[in-house]
Amino acid sequence: MTIVRDEMAYDVVIVGGGPAGLSTAIRLKQLNADLSVCVLEKGSEIGAHILSGAVVDPRAMDELLPDWRDSDCPLAQTPVTDNWHWVLTRKGHYAMPHALMPPFMSNEGCYTTSLGNLCRWLGGKAEELGVEIFPGFPASEVLFDDSGALIGVQTGDMGVDREGQPKGDFQPGMRLLARYTVLAEGARGHLTKRVKAQFDLERDCQPQVYGLGIKELWDIDPEKHVPGRVLHTQGWPLSESESWGGGFLYHQAGGQVALGFVTALDYKNPHVSPYEEFQRWKQHPSIRAILEGGKRVSYGARVINEGGWQSVPQLAFPGGVLAGCSAGFVNVPRIKGSHTAMKSGILAAEAISAALAAGRGGDTLADYDAAVRDSWIASELKLVQNAQPLVAKFGGALGTVLAGADMWARVLKVNPFGPMQHHTDAEATGRADLYKPIAYPKADGVISFDRLTNVSYSFTNHEEEQPCHLRLKDASVPVSVNLPIYAGPEARYCPAGVYEFLGEGAEKRLQINAQNCLHCKTCDIKDTTGNIDWATPEGGGGPNYPNM
Amino acid sequence: MKIVVPVKRVLDYNVKPRVKADGSGVDLANVKMSMNPFDEIAVEEAVRLKEQGTASEVVVVSVGPAKASETLRSALAMGADRAIHVVSEDEVEPLAVAKILKGVVVDETPDLVILGKQAIDDDSNQVGQMLAALLGRPQGTFASKVEMDGASVLVTREVDGGLETVRLALPAIVTTDLRLNEPRYASLPNIMKAKSKPLAAKAPADYGVDITPRLKVLQVKEPAQRSAGIKIADVDALIGKLKELGVA
Amino acid sequence: MTVLVWAEHNGVALKDATLNAVTAAAQLGAVHVLVAGFGVDSVAAQAAQIAGVEKVLVADDAAYAHGLAENIAPLVVAVMADHDAFVATATTTGKNIAPRVAALLDVAQLSEILSVEGPKTFTRPIYAGNAIATVESSDAKLVITARGTAFAKAEATGGSAVIETVSGAGESGLSSFIGAELAKSERPELTSAKIIVSGGRALKDADTFAATILPLADKLGAAVGASRAAVDAGYVSNDYQVGQTGKIVAPEVYVAVGISGAIQHLAGMKDSKTIIAINKDEDAPIFQVADFGLVADLYTAVPELTGKL
Chain S
1 MTIVRDEMAY DVVIVGGGPA GLSTAIRLKQ LNADLSVCVL EKGSEIGAHI
51 LSGAVVDPRA MDELLPDWRD SDCPLAQTPV TDNWHWVLTR KGHYAMPHAL
101 MPPFMSNEGC YTTSLGNLCR WLGGKAEELG VEIFPGFPAS EVLFDDSGAL
151 IGVQTGDMGV DREGQPKGDF QPGMRLLARY TVLAEGARGH LTKRVKAQFD
201 LERDCQPQVY GLGIKELWDI DPEKHVPGRV LHTQGWPLSE SESWGGGFLY
251 HQAGGQVALG FVTALDYKNP HVSPYEEFQR WKQHPSIRAI LEGGKRVSYG
301 ARVINEGGWQ SVPQLAFPGG VLAGCSAGFV NVPRIKGSHT AMKSGILAAE
351 AISAALAAGR GGDTLADYDA AVRDSWIASE LKLVQNAQPL VAKFGGALGT
401 VLAGADMWAR VLKVNPFGPM QHHTDAEATG RADLYKPIAY PKADGVISFD
451 RLTNVSYSFT NHEEEQPCHL RLKDASVPVS VNLPIYAGPE ARYCPAGVYE
501 FLGEGAEKRL QINAQNCLHC KTCDIKDTTG NIDWATPEGG GGPNYPNM
Chain H
1 MKIVVPVKRV LDYNVKPRVK ADGSGVDLAN VKMSMNPFDE IAVEEAVRLK
51 EQGTASEVVV VSVGPAKASE TLRSALAMGA DRAIHVVSED EVEPLAVAKI
101 LKGVVVDETP DLVILGKQAI DDDSNQVGQM LAALLGRPQG TFASKVEMDG
151 ASVLVTREVD GGLETVRLAL PAIVTTDLRL NEPRYASLPN IMKAKSKPLA
201 AKAPADYGVD ITPRLKVLQV KEPAQRSAGI KIADVDALIG KLKELGVA
Chain R
1 MTVLVWAEHN GVALKDATLN AVTAAAQLGA VHVLVAGFGV DSVAAQAAQI
51 AGVEKVLVAD DAAYAHGLAE NIAPLVVAVM ADHDAFVATA TTTGKNIAPR
101 VAALLDVAQL SEILSVEGPK TFTRPIYAGN AIATVESSDA KLVITARGTA
151 FAKAEATGGS AVIETVSGAG ESGLSSFIGA ELAKSERPEL TSAKIIVSGG
201 RALKDADTFA ATILPLADKL GAAVGASRAA VDAGYVSNDY QVGQTGKIVA
251 PEVYVAVGIS GAIQHLAGMK DSKTIIAINK DEDAPIFQVA DFGLVADLYT
301 AVPELTGKL
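Protein chains in written order, with UniProt numbering: chain S, 1 to 548; chain H, 1 to 248; chain R, 1 to 309.
Misleading hints may appear alongside valid ones.
Below are the DSS-like pairs computed for lysine-lysine, each with C-alpha atoms no more than 27 Å apart in a straight line [claimed, not checked]:
1) Lys273(R) / Lys153(R)
2) Lys270(R) / Lys241(H)
3) Lys243(H) / Lys308(R)
Everything labelled a hint here was simulated from the structure, so no lab data went into it.
These figures come from a predicted structure and were not determined experimentally.
Between the sequences and the hints, there should be enough to build the whole structure, so can you do that?
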């Protein structure tokens, strides 16, 4: 059957309605109101798939929309007032005094907010400027011309059955052509993955590595709520499995706290369950005390880039650029990437606008790549390239307080003794028989919850009659490789319980509950043999995060 | 033949409502809102009647806040021809909605009004019946099949225990049940086209309707939670429990 | 306050739903029952037996034979001249008629009330029961539908109400009844059953579902339900679906077999008086709401249970 596809041409097509994509769109229209700019967003609305802590450095907001503080922006609601850093032991904690923290770790001047709500607000600003935003329409394919340049994207087909055949309500995806296409998909974007391979964009950098952030939003006892207080923890419980990561807990507007736990995905012990680590972290007496009497109202998960400056790929290629977490500008010790994502979007817009004004299109925007490498993004990320040596210097004077080294620096995987080497997170996974299984406590249903109940608080849904969007390159690998050698880690690393091993003995099989998927991308990264390919499901599918 | 389809913007059906801590209602800030699913079915039915050549125009109406215009755009993208937005930032109760819709019907003189049987937020299940009463016209509620037949419409209704068919003289009011049809996706080209379809803004006062609420919501709370009971050892113990309950 | 209760009947016998409505109405005031139909003397006689009913009003006319709202609503409005409130059970008949009555009386309707909190104050579910609103009416007259399962049934006998005849405008000429196709079922109806046996995805396929669940339901005289996962997997048709998007049930006893207890399903059955769960996975969320949980393989436990009953 030949599918007839509608086509529409824009000056710029932006894939992804997050901080980077929306900043690109806004700056483009600020520079030239006549440009036609379209943003595709796979979530059912702007913000639906945005998940972050977040403590936001407003530096890029000041550059993009200088009057944001006076424009009902949700970011302005809660300035950080109080910054704590705890090292957790099994039963207690000690606070790391501010004086011992490197200065870039300060959150002075920052704000804690729901990044999803900030994006909703930015989306409104973009629409006011005339940007066309299409939520519920994922860009599922990249389109190239004969010369190999990117010329746009194609949105996903709707109304396709499980076997890939069109149903009665079939709606073919549309071809959106652009003089420049901006991939701002967030961490591990699936089109970014293809473009990185197509143009070998990682030829001069280290492979990207990731952490899995799992988050809950709670209404807490008003007596315990201190708006603007932010807390980070390191140490227990990941110390037990010699894995890296830590927790966060931010007192935000409306009597809520956003709390979460990031596990670096280079953990070796395949018995680790990032979800269960988060749940037992909440049961730590110091954390539990904050949550008791409160109520969980939302849940979600998303991977974040942790490769740092060393993993930033080539940012421009014929016809397109990478912006935000598609490229990977997270400042890991500061656990912040929104400001750098937005800044990269601004720089992309400036380069694109100048090129369009010069009558160009479809070429490689080397100016953008150079502008990023010459911006405060680079200086900020390069500074923390040396995070560990800095921390070590303070630690030398102050003994064991810092002896374990700041986990956020560890997450950075900086090696002070030579050029750093990243291995992919998948390669890091060790054999199950070499590591101790971990006995995680059962959920109590008050502070900790079973995974599926929590997933229902992500409000995720996928139309059930559609092809599985989690594609196995080789369907036998889960049972023939992952299960015998690694004890089936996908059943544990997935924060949504998508992967389940069912049956006994020879009947053993992997059940993929794709409708639970949170679009976090962990499986695409951590599967031991890279056998899982995350593709876009039907538009509008996935979580519907409120205030996340 | 003209069809009027009222639609409502509600909390998306995937999202579990969160009751506000102060008991004043359900928190709708920054959560996904969508067209009421039963209303989508109503729009679909009307658009299908148009595609079959039975209807010539489909007019969608929404009574609600400024953002309800997005819901109307969705209906236009599904294939409706034009929209009327009766803007009210205040909550409008079903009776007042029905009175506003009566005004719309008097202006538009449609042959058929198709509505969702209920909105999934307040679960009232009233507007269609009330509109029919105010207009003195027949109603075919909970429709699972709608067939035009000359000057009348045959409506198969989902009733407790089965199906029932009634014949209604036109103009008539029909409310949709889940199984009437499966609404289409609005395609991207149609969403783009919908941006230029006409959308008229009105106010309740334009129809002379007083929207002062008749009902006062004193409190909204979560339903009582069930707690876990006991685990029983085996089937014999289970039979014992069933006997205690008087069912075995 | 005098309350007019809508009698649910099939032309020959009174339906139990009427008894729930009488209980709700009795909490407001004196109860009168309106029996509208054609040739409904026996129904009226039954209604007069209900404990607590003062008066039965009978409107006997061919126009009222099929409960067409266009004909019934003006009748109710006429009778409401002497009453302060109208109460119908929230069946498809009650839901069809009551709002039409409310609009003609120019009053707001209170839908699916769960309790009577005061002369004009009620609780009712919103957001598919995910929230309960307490609502006060400011109207002079009340029009109410009551959720049947929220009110106990009044005693069907023991009363001795007087029977009076009333009449309305009769045929409106707006609508006509063509026919009905009632689902034939030996088993009780899902929404009104005292006992429900429900099966989930663990039942593998349609044959296994039938072979496992039906014999147990027959032994218990129970209605059969299913989780959305079982319906989606094609084990049974969607009439069986219990849950937020299916039927909301509240039987005396709900037996969940091989149902994990997704929130969506729990929303449809959590008001059951007693919940029994049989599931192999002891961490299944269903056990968090079950009064009695049996952790067992359903393929051995259910046949054993059926055999021993």
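Do the hints match the structure? See the list:
1. Lys273(R) / Lys153(R): Given that 27 Å is the threshold and the Cα spacing comes to 15 Å, the pair holds.
2. Lys270(R) / Lys241(H): 19 Å, holds
3. Lys243(H) / Lys308(R): Since the Cα atoms of Lys243(H) and Lys308(R) sit roughly 12 Å apart, the hinted pair holds (cutoff 27 Å).
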